[in-house]
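Chain by chain, the residues run as shown.
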Amino acid sequence: MTTKEPFQQLKDRFGVEASDDRVVTAGAAGALCLVATAILFLLGSQFTAIPLAGFLFTVGYGLWNHQATTAKALTFLATIATGAILALITVYLISEALPAMREMGLSMFTEASAPMWRTRGEEVYSLVPMMWGTLVTTILAMLIAGPLGVAGALFISEIAPDAVREIVKPAVETLAGIPSIVYGFIGFTILNDYMMENLELPTSGSLVIVGLVVGLMSLPTVVSVAEDAIASVPESMKSGSLALGTTDWQTIKSITIPAAFSGVSAAVLLGVGRAVGETMAATVILGHAQRLPDPLYDVFGNTETLTSLIASQYGVASGTHMSALFAAGVVLFVSVTVLSIGSQYIERRMKHQLQGES
Amino acid sequence: MSGETASRTAAPGIDTFDRVALGIVGTAIVTFLLGWTTLFDRTSPDTAVAGLSLFALFGAAFLLAGAGLIAAGIASNVGLFETTADQYTGLGTGVAFGVVGFATGGLVTTILFGVGATGSVLVGLVVALIATLGVAVLPEDIGTTLPVGLLALTWGVLLVAGFVDVGWVWDPPSIKATFHAPIVVPLVTIALSLLVAWSGAIVAEEFGSQGRQNGAYLMIGLNAFGMIAVLLLLILFVVRKGLPKLLEGAQFGPGLNISVPFLTKGVVLGQQYNGIFPAIVGTVWLVIGAVVLAIPMGIGAAVFLTEYAEQGRFTAVIETATNALWSTPSIVYGLFGYAFLVPRFGNRNSLLAGMMVLGFMLLPLVVITSREAIKSVPDEYRDASAALGVNQWQTIRSVVLPAAMPGVVTGVILGVGRIAGETAPILLVTSGQPFPARAPSILGSFRFTAAPPFVQNEALLQASSALPYQLYAVITAGVGQEEAFGWGTALVLLMVVLGFYAIGITSRIYFRKKLNQ
Chain W
0 MTTKEPFQQL KDRFGVEASD DRVVTAGAAG ALCLVATAIL FLLGSQFTAI PLAGFLFTVG
60 YGLWNHQATT AKALTFLATI ATGAILALIT VYLISEALPA MREMGLSMFT EASAPMWRTR
120 GEEVYSLVPM MWGTLVTTIL AMLIAGPLGV AGALFISEIA PDAVREIVKP AVETLAGIPS
180 IVYGFIGFTI LNDYMMENLE LPTSGSLVIV GLVVGLMSLP TVVSVAEDAI ASVPESMKSG
240 SLALGTTDWQ TIKSITIPAA FSGVSAAVLL GVGRAVGETM AATVILGHAQ RLPDPLYDVF
300 GNTETLTSLI ASQYGVASGT HMSALFAAGV VLFVSVTVLS IGSQYIERRM KHQLQGES
Chain S
0 MSGETASRTA APGIDTFDRV ALGIVGTAIV TFLLGWTTLF DRTSPDTAVA GLSLFALFGA
60 AFLLAGAGLI AAGIASNVGL FETTADQYTG LGTGVAFGVV GFATGGLVTT ILFGVGATGS
120 VLVGLVVALI ATLGVAVLPE DIGTTLPVGL LALTWGVLLV AGFVDVGWVW DPPSIKATFH
180 APIVVPLVTI ALSLLVAWSG AIVAEEFGSQ GRQNGAYLMI GLNAFGMIAV LLLLILFVVR
240 KGLPKLLEGA QFGPGLNISV PFLTKGVVLG QQYNGIFPAI VGTVWLVIGA VVLAIPMGIG
300 AAVFLTEYAE QGRFTAVIET ATNALWSTPS IVYGLFGYAF LVPRFGNRNS LLAGMMVLGF
360 MLLPLVVITS REAIKSVPDE YRDASAALGV NQWQTIRSVV LPAAMPGVVT GVILGVGRIA
420 GETAPILLVT SGQPFPARAP SILGSFRFTA APPFVQNEAL LQASSALPYQ LYAVITAGVG
480 QEEAFGWGTA LVLLMVVLGF YAIGITSRIY FRKKLNQ
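Residue numbers (numbering that gives the first Met the number 0), protein chains in the order written: chain W, 0 to 357; chain S, 0 to 516.
Please keep in mind that the hints were generated in silico from the structure rather than gathered at the bench. On a predicted model such as this, the values are computed, not experimentally measured, just so you know. Note that beta-carbon positions come from the ideal geometry of N, C-alpha and C, so glycine has one too. Take the hints with a grain of salt, since some may be wrong.
A few chain S positions that, by computed beta-carbon distances, are all more than 12 Å from chain W [stated by the list, open to error]:
#	residue
1	L149
2	P253
3	A402
4	Q461
If you anchor each label on the Cβ, the simulated ranges turn out as follows [stated by the list, open to error]:
#	chain 1	residue 1	chain 2	residue 2	range
5	W	L142	S	N256	51 to 57 Å
6	S	L232	W	G244	38 to 44 Å
7	W	G244	S	N515	30 to 36 Å
8	S	G345	W	P114	34 to 40 Å
9	S	A483	W	D161	39 to 45 Å
10	S	A308	W	A162	37 to 43 Å
11	W	L62	S	A383	23 to 29 Å
12	W	Y344	S	V291	32 to 38 Å
Taking the hints into account, I'd like the entire structure generated from these sequences.
As structure tokens, then:
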């Protein structure tokens with residue numbers, strides 16, 4: 000944060016009249032205290048409480064005497080803080096991951112010959128098996144969540160009678176609320192045993208079970224977001240088609256789905272993001288083998304995903320090993336953020352187009 | 000669906016035609032459901048009805064359905080019944096059959112000839128191409144019935160003639176799994192039942208656009224039904240598994256004297272009934288902390304973004320950042336807390352770090368839902384208030400926020416339900432001893448000191464348990480910890496989370512009803 004021309008900036012930002020010097024002074028004092036709090040907290044100082052108290056005092060004074068300005072300043076601070084959290088996450092994740100990346104170089108993301116993951120002295124960290132595991136489980140999950148999710152969204156927004164919709168919609172939302180660890184527990188106790196018993200798997204845990212469970216878990220995300228997209232297709236477009244004598248299904252197929260296509264794909268992308276980041280189900284179900292399955296397409300094999308790697312090893316890790324776990328976190332964070340931004344871009348473009356057409 | 004009355008009266012036999020089609024759909028739905036119950040060992044493959052084993056019964060059903068479908072298709076095609084079938088099946092249906100053809104062709108080649116992955120994929124592609132093009136150019140009444148009918152007939156013959164019986168095994172060399180008939184037969188039966196039901200539904204509306212609508216709606220409806228079934232089964236399953244443990248040693252009455260040791264006790268060696276009280280308290284404090292942090296900040300940010308800020312680059316950046324935060328995986332939040340918060344709170348796992356991390360996770364959701372709610376407050380409200388000569392902040396405080404409150408509350412409750420079940424971040428920043436004996440006492444641990452930091456609360460800086468972590472601990476503890484303890488915990492966790500969801504959804508319905516009055 001720069002403190003150049005704080006007076007003028009504050010005045011401009013909050014529309015304070017130049018003569019009202021007491022507000023500016025109080026604002027400046029508050030801002031100074033907040034900056035000091037932030038810096039001391041970042042340094043890990045035990046004196047953080049002093050400027051924090053000063054800040055709270057200033058806020059109290061402001062709310063008492065200049066409520067409107069203070070409220071506006073506080074909402075502005077909350078907005079900045081939201082952005083700051085994302086920035087902090089990025090900075091801390093990357094800075095913690097750098098040592099491992101520096102030591103392993105590019106081979107951290109490309110090395111595909113054994114041994115790929117060795118801790119305790121040998122220090123070999125290649126994320127390739129985990130990236131493959133994440134990719135395979137995500138593909139499996141989206142094979143389930145993609146088509147079923149879009150079909151569910153169509154049902155809720157276009158097909159279901161009102162009474163049925165009032166049941167199905169909350170049910171789907173509730174499905175999103177079931178904690179991942181509960182899914183994981185069911186997978187661990189029931190499905191893993193089932194697979195070992197009925198498919199004679201040599202080890203407990205397999206990618207296919209993780210894919211199934213994660214698919215089920217990302218299904219509600221796809222349904223809700225796709226439903227929003229489908230519902231945002233203007234009624235006039237649909238009635239135009241129906242007036243030509245088409246059936247409802249023909250209208251859905253040739254008008255609604257094409258018009259909502261980009262929004263629906265944004266929904267699927269968000270679902271992919273959920274599936275990539277799903278942690279506990281994978282951690283609990285998988286058998287934690289940091290090597291590639293052999294052959295690569297053996298979905299009944301055991302490997303590791305990026306998320307389960309972190310969750311299962313953070314407790315025993317230190318030094319470069321811990322840093323390598325952070326590198327896994329960086330891969331996750333970057334891919335999910337790219338997916339999120341991509342889907343937002345698609346959504347915005349779709350809204351733009353629909354508004355232009357209608 | 001009344002457009003077909005004309006053709007219906009024209010052909011007198013059409014009632015029989017429809018009845019056959021509905022019979023086929025009904026049969027397919029029965030085999031579909033039986034397939035699932037067999038897959039989960041609820042129906043034994045050894046079940047025998049009238050001397051026929053379960054698999055032979057499946058086979059007989061498919062023989063009948065397949066024959067019926069083919070007969071109906073041909074009857075319609077040669078003009079025995081007047082239907083509304085199109086001249087061509089079309090590429091859409093063709094591609095769907097291409098996918099079916101790919102799976103069938105590929106699997107059959109590997110199973111019969113032991114061809115490797117590349118070979119079977121190639122064969123699958125060839126079959127898919129033929130199926131796609133072949134079906135696409137066939138007349139609709141043949142294209143939608145004949146391929147499904149043939150598949151059903153083949154499967155029926157395989158089952159009835161005993162080529163695939165209970166002892167059938169396929170052990171692919173390159174994959175670790177071995178496939179036995181009790182798994183394979185139900186799976187194939189489920190998939191084929193769907194195809195048959197779809198085709199039957201098309202026949203039942205005499206093909207054409209109505210037929211296609213009927214087929215598609217049946218599939219989409221089944222999908223929705225399936226989602227509800229999954230939800231109910233999951234909840235019922237956890238309740239059935241967890242209830243005995245939850246009620247272990249519980250006493251009800253006389254009067255209000257209720258004691259449920261599983262909910263009110265910790266884990267102490269030698270105690271008769273161990274419980275999860277510390278974890279419940281931990282979760283409650285985590286949720287309270289997260290809410291206290293996230294709600295003022297989130298609503299504040301939403302107010303600024305919607306009411307004060309000019310819509311431009313700044314709001315767009317913050318909006319993108321909020322959405323990115325919303326989709327950031329929970330384990331990444333955990334890593335962040337581990338690197339950023341834990342070193343600053345005495346270098347050990349603490350309740351406070353968990354509260355903050357969960358608060359950060361809740362924040363984007365509060366911002367997003369509050370923005371939606373504030374945006375949906377009509378501008379007339381603001382104008383009317385401004386016309387009274389009130390300044391902007393007073394308008395926001397007394398008009399906009401109260402009007403937006405229902406939406407905000409609903410969103411927040413649903414968000415809280417979500418973070419109450421989060422495990423990964425707690426694992427990294429809060430978790431301590433897996434089976435604690437005592438709950439953290441936050442209120443009783445405030446100490447005021449003369450030296451900085453003036454206010455101390457030891458309990459906030461101590462590691463704590465939480466319901467989802469407790470469940471994880473049962474899993475990692477492996478031998479020694481009984482599984483029933485885990486099911487009991489899972490049930491309590493599910494009740495807490497679903498309770499939040501029930502309140503959130505009910506309040507939304509209530510507010511919406513009130514708004515529509």
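Structure-based check of each hint:
With a closest Cβ-Cβ approach of about 24 Å to chain W, L149(S) is found to remain outside the 12 Å limit, as its non-interface label requires. Every beta carbon of chain W lies more than 12 Å from that of P253(S), the smallest distance being close to 35 Å; the non-interface claim holds. Every C-beta of chain W lies more than 12 Å from that of A402(S), the closest at about 17 Å, which supports listing it as non-interface. At the 12 Å boundary, the C-beta of Q461(S) stays outside the reach of chain W, the nearest C-beta of that chain being 18 Å off.
Between L142(W) and N256(S), the C-beta spacing of about 54 Å keeps the proposed range 51 to 57 Å intact. Take L232(S) and G244(W): their Cβ atoms lie about 42 Å apart, and the range 38 to 44 Å holds. Range check, G244(W) to N515(S): Cβ separation about 33 Å, and the 30 to 36 Å hint holds. As the Cβ distance of G345(S) to P114(W) is approximately 37 Å, the hint placing it in 34 to 40 Å holds.
Look at A483(S) against D161(W): about 43 Å separates their beta carbons, and that is inside 39 to 45 Å. Checked against the given bound of 37 to 43 Å, the beta carbons of A308(S) and A162(W), roughly 42 Å apart, stay inside it. The hint said 23 to 29 Å for the Cβ distance between L62(W) and A383(S), and at roughly 26 Å that hint holds. Between Y344(W) and V291(S) the Cβ separation comes to about 34 Å, which falls inside the hinted range of 32 to 38 Å.
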